[in-house]
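*Asks:* Take the sequence shown: its position 54, counted from the start at 1, is 54 in the UniProt record's numbering, and no numbers get skipped.
Simulated from the structure, these hints should not be mistaken for laboratory data.
Just so you know, even glycine gets a beta-carbon here, dropped at the ideal spot from N, CA and C.
Heads up, some of the hints might be wrong.
To be verified - No farther apart than 25 Å at their CA atoms in a straight line, the calculated lysine-lysine pairs in the BS3-like style are these:
id	residue 1	residue 2
1	K162	K188
2	K175	K156
3	K93	K148
4	K175	K148
5	K156	K188
6	K148	K162
7	K175	K162
8	K188	K175
9	K32	K93
Stated by the list, open to error - For each label pair, taking beta carbons as the anchor points, the in silico distance ranges come out as:
id	residue 1	residue 2	range
10	N8	G196	18 to 28 Å
11	E133	S2	32 to 42 Å
12	R11	E199	35 to 45 Å
13	E132	E99	33 to 43 Å
14	N117	K162	31 to 41 Å
15	S178	A9	36 to 46 Å
16	G98	S198	27 to 37 Å
17	S198	A4	35 to 45 Å
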Amino acid sequence: MSSADILNAIRDMEFENTFNPYFDRCPVYDAKEAPELRRFYLSEMLDRAAAVDLDAIWVGRDLGYRGGRRTGLALTDDVHFSNHLSRWELEPKRPTFGEPVAERTAAAIWDILLRVNSPVFLWNVFPLHPFEEGSPFTNRAHNARERKAGADILVKIVEYVKPRRIVAIGNDAYKVLSAAFNSEQVCKVRHPSYGGQSEFLATMRYLYRGSLSASEPDLFTVK
């Protein structure tokens, strides 16, 4: 297993009403070299994650049109693009142009991750952006066939980077992860959107109680 094998598997994913940021170019927002950039960053992150003692993979549901569709990075929007690359000692070059776009889920994830000192890899059950038919800048939940294909790639990634644990963010991710992996390796966290942020913070505070930056502990005070 290698990062090239994983990228080849992602390349072969073909579903209607989806955008593959590693091989497709958005005609509205993408720079000319956007797919190549996103492939390069993903390949480098996979290889670097495989070379360290990886604490965890945090797994969401699928890419959103304000986040991963643009960046090619799970749970990461334009605003946190540089933060993500810096964690893996990569020089950031945005694949999109214009003003940075923020995403609510990415903001909640990175509020936590910026204080976590342990190496963490971010991914989704379905690694493409699924959208409503005829509306590429919308979000929809992936379907069962898409979920199966995404789960197969997720298994390949776990085999390659060998994390100590897997953090499922939300029920959709947990259903897939608990079926695919040893239940003792999978930790369930409530999704931070739609009123779940306090519970999300509390669980993350518990999971990372021994490896948090001491600089801003107030962030983990659940209100």
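*Asks:* A separate judgement is required for each hint: does it hold in the structure or not?
*Replies:* Now for the hints, and whether the structure bears them out:
Between K162 and K188 the alpha-carbon distance is near 18 Å, which keeps this suggested pair within the 25 Å criterion. Annotation: proposed proximity of K175 to K156 holds, straight-line Cα distance about 18 Å (limit 25 Å). Under the criterion of a C-alpha separation no larger than 25 Å, the hint pairing K93 with K148 is inconsistent with the structure, at around 32 Å. With a CA separation close to 12 Å, the supplied pair K175 and K148 stays within the 25 Å bound.
The straight-line distance between the Cα atoms of K156 and K188 is roughly 21 Å, inside the 25 Å bound, and the hint therefore holds. At roughly 21 Å between alpha-carbon atoms, K148 and K162 fall within 25 Å of each other, so this suggested pair holds. Pair hint K175 plus K162 holds up; C-alpha atoms about 20 Å apart against a cutoff of 25 Å. For a cut-off of 25 Å, the pair hint linking K188 to K175 stands: about 10 Å separates their Cα positions.
Distance restraint check for K32 and K93: the Cα-Cα separation of roughly 12 Å lies within the 25 Å cut-off, and the hinted pair is therefore satisfied. A beta carbon spacing of about 35 Å between N8 and G196 contradicts the range 18 to 28 Å that was offered as a hint. In this structure the hint that E133 and S2 lie 32 to 42 Å apart at CB holds, the actual value being about 35 Å. Look at R11 against E199: about 37 Å separates their beta carbons, and that is inside 35 to 45 Å.
Distance hint check: the CB atoms of E132 and E99 are about 24 Å apart, inconsistent with the given range 33 to 43 Å. In this structure the supplied range 31 to 41 Å is violated for N117 paired with K162, their Cβ-Cβ distance being about 19 Å. A beta carbon spacing of about 22 Å between S178 and A9 contradicts the range 36 to 46 Å that was offered as a hint. At about 33 Å, the CB distance of G98 to S198 agrees with the hint of 27 to 37 Å.
A C-beta distance of roughly 41 Å is found between S198 and A4, which places it inside the suggested range of 35 to 45 Å.
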